[in-house]
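S.K.: Chain by chain, the residues run as shown.
Number of protein chains: 2
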Amino acid sequence: MSTGTEKQTCENLSRRNLLKGAVLGVAGTAAVASGGWALSEAQAKSCPALKWPWPYEKLDPAKTAEIAHDEYYRLECGASLIYSVFSQLAEKIGDPYASFPVEAFAFLGAGVDTWGTICGANSGENIVTNLIIGPKTNGVELGRLMGSEIMQWYCDTALPDYVPKVSKVKAEIPKTVSSSPLCHVSVGVWMAAAKKPLGSPERKERCARVTASVAYKTVELLNAWKDGKYVTKGVFPAKLYHIDAQGNCDQCHGTNVPSPPMPEKTVKS
Amino acid sequence: MSTGTEKQTCENLSRRNLLKGAVLGVAGTAAVASGGWALSEAQAKSCPALKWPWPYEKLDPAKTAEIAHDEYYRLECGASLIYSVFSQLAEKIGDPYASFPVEAFAFLGAGVDTWGTICGANSGENIVTNLIIGPKTNGVELGRLMGSEIMQWYCDTALPDYVPKVSKVKAEIPKTVSSSPLCHVSVGVWMAAAKKPLGSPERKERCARVTASVAYKTVELLNAWKDGKYVTKGVFPAKLYHIDAQGNCDQCHGTNVPSPPMPEKTVKS
Chain A
31 MSTGTEKQTC ENLSRRNLLK GAVLGVAGTA AVASGGWALS EAQAKSCPAL KWPWPYEKLD
91 PAKTAEIAHD EYYRLECGAS LIYSVFSQLA EKIGDPYASF PVEAFAFLGA GVDTWGTICG
151 ANSGENIVTN LIIGPKTNGV ELGRLMGSEI MQWYCDTALP DYVPKVSKVK AEIPKTVSSS
211 PLCHVSVGVW MAAAKKPLGS PERKERCARV TASVAYKTVE LLNAWKDGKY VTKGVFPAKL
271 YHIDAQGNCD QCHGTNVPSP PMPEKTVKS
Chain B
31 MSTGTEKQTC ENLSRRNLLK GAVLGVAGTA AVASGGWALS EAQAKSCPAL KWPWPYEKLD
91 PAKTAEIAHD EYYRLECGAS LIYSVFSQLA EKIGDPYASF PVEAFAFLGA GVDTWGTICG
151 ANSGENIVTN LIIGPKTNGV ELGRLMGSEI MQWYCDTALP DYVPKVSKVK AEIPKTVSSS
211 PLCHVSVGVW MAAAKKPLGS PERKERCARV TASVAYKTVE LLNAWKDGKY VTKGVFPAKL
271 YHIDAQGNCD QCHGTNVPSP PMPEKTVKS
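Those protein sequence lines, which keep their order, are chains A and B. Residue 87 in the working numbering sits at position 57 of the first sequence, with consecutive numbering throughout. Residue 92 in the working numbering sits at position 62 of the second sequence, with consecutive numbering throughout.
Honestly, the hints are just simulated from the structure, not real lab data. There could be a bad hint or two in this list.
Identical copies carry no separate label here, and so any pair may be met within one copy or between two of them.
[Unchecked claim] Taking lysine to aspartate or glutamate pairs in the EDC-like style, the calculated list, with each CA pair at most 20 angstroms apart, reads:
#1 Lys200 / Glu294
#2 Lys195 / Glu232
#3 Lys269 / Glu232
#4 Lys234 / Glu202
#5 Lys225 / Glu294
#6 Lys234 / Glu294
Use the sequences and the hints to build the structure in full.
M.R.: What follows is the structure in structure tokens.
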């Protein structure tokens with residue numbers, strides 16, 4: 031855990047070193063590679079938020095899911111998922127969790143600004159796994175692969191599969207399989223099955239429980255990772271489809287799936 | 031700008047107050063509403079990352095676009111857009127920008143883990159506008175509306191519309207209109223027009239320039255906001271379509287657009 035002195039060092043160092051590289055857009059230097067900014071490896075070690083992996087202690091998946099469910103009604107899906115994990119780690123560990131601006135990620139709700147793109151629970155779990163395990167610039171792909179594994183599970187699973195201790199509605203909440211990580215598809219499939227409008231208490235409770243379900247899954251995998259027992263099932267779909275893609279091609283294209291331009295077989299010098 | 035003492039206070043306060051509310055999942059308390067964690071308003075003011083708006087100084091859009099373009103090749107679209115803005119503000123202001131873990135957002139590239147969901151440039155610009163202007167829990171919707179305005183501009187504009195000083199490829203890069211904020215659609219439309227595969231240098235340079243174009247637009251709007259001259263054109267699409275949606279219904283549904291369940295006209299007690 032950091033001290034106040036370390037934090038002040040972090041800021042001072044980053045401001046001094048930015049002149050050397052970051053602001054000038056000099057990518058890939060030895061200094062940049064070690065941290066979030068243009069810090070040497072030794073310097074970056076004093077900045078708790080810029081050093082990976084972030085310290086992690088195993089959490090109770092059910093307790094995490096309860097927090098995610100309850101906070102959904104204040105922060106929506108994306109930020110409540112982050113909050114469910116980081117609020118507990120802030121209490122156990124302190125920084126970098128305590129000073130992370132979770133609430134600013136409320137915009138992730140409803141698929142970003144209500145545009146129905148990626149479900150906020152999927153955005154939130156990727157933020158959590160990548161902040162804790164670390165980014166590819168730190169030499170690991172595992173945060174991203176765990177995020178991808180959870181998205182595939184989200185697509186394949188009848189959700190919500192978590193029932194909170196205290197529900198906001200009395201009616202039963204149907205479970206549906208989205209086959210997509212997108213909010214529009216996930217919510218649309220559920221609305222069609224449940225015959226409930228977007229603004230209904232049932233739809234909101236459904237999304238609160240979906241967020242709780244994803245939070246539960248995320249902590250299960252992070253706990254396995256902490257124990258050294260996590261073997262990823264995550265993949266990068268672009269390697270399979272030759273385009274950044276979900277893999278559920280016929281859900282939008284019907285039977286007329288276009289073929290992307292393929293790589294040339296001859297290697298250019 | 032914060033001092034080391036303030037930061038240490040931030041961490042200590044957050045750990046102490048978490049026991050009062052945040053970890054227990056008590057939402058909507060007066061204490062929670064003022065900051066990222068369970069802090070009172072006075073306490074939250076000492077945490078630079080948990081107080082909105084974040085301090086902002088006007089930036090040069092072209093310089094920002096150059097940084098975004100160059101950093102794309104290290105951080106991909108989402109993180110390079112954040113980096114293009116925050117690296118400059120870290121140099122001018124320090125924290126909360128200097129200690130923000132930008133690199134962990136590299137997973138946003140290729141529409142999150144190469145799943146082709148929301149284009150990382152759109153994720154990145156929303157993170158920037160919401161971190162700087164602040165979230166709805168802080169009483170403002172403007173960060174989210176600015177994010178939505180930029181996504182609509184992204185959909186409607188022939189992109190990339192920014193040409194960097196030093197390109198990574200010699201060939202001309204076609205411009206295409208995506209009509210969608212999704213990576214899969216945006217990249218797919220461009221690949222079909224350019225007849226270039228996903229792994230080609232031209233496709234990568236195209237995405238670097240799209241990121242630069244969005245970075246330019248983001249700083250233009252933030253500068254207008256700083257001058258008190260920003261009047262948002264952003265909307266929340268769910269209010270128009272009764273489902274979280276992009277608005278380009280026929281791009282996936284063809285002529286057979288489903289009708290979402292509509293709100294009941296009678297108000298239940």
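S.K.: Take the hints in turn and mark each one as holding or not.
M.R.: Status of the hints after comparison with the structure:
Taking the shortest alpha-carbon separations for Lys200 and Glu294, only the inter-copy value of 18 angstroms comes in at or below 20 angstroms, while the best intra-copy value is 58 angstroms. For a Cα distance limit of 20 angstroms, the shortest separation of Lys195 from Glu232 inside one copy, 16 angstroms, qualifies, whereas the shortest one across copies, 53 angstroms, does not. Proximity of Lys269 to Glu232 under the C-alpha cut-off of 20 angstroms is restricted to the inter-copy arrangement: shortest distance 18 angstroms between copies versus 38 angstroms within a copy. For the identical chains of this complex, Lys234 and Glu202 are intra-copy neighbours only, at 13 angstroms inside a copy versus 48 angstroms across copies, given an alpha-carbon limit of 20 angstroms.
In this homomeric assembly, Lys225 and Glu294 come within 20 angstroms of each other (Cα to Cα) only across copies, at 11 angstroms, whereas the closest approach inside a single copy is 49 angstroms. Taking the closest pair of Cα atoms, Lys234 and Glu294 come within 20 angstroms of each other only across two copies (16 angstroms); inside a single copy the shortest separation is 48 angstroms, beyond that limit.
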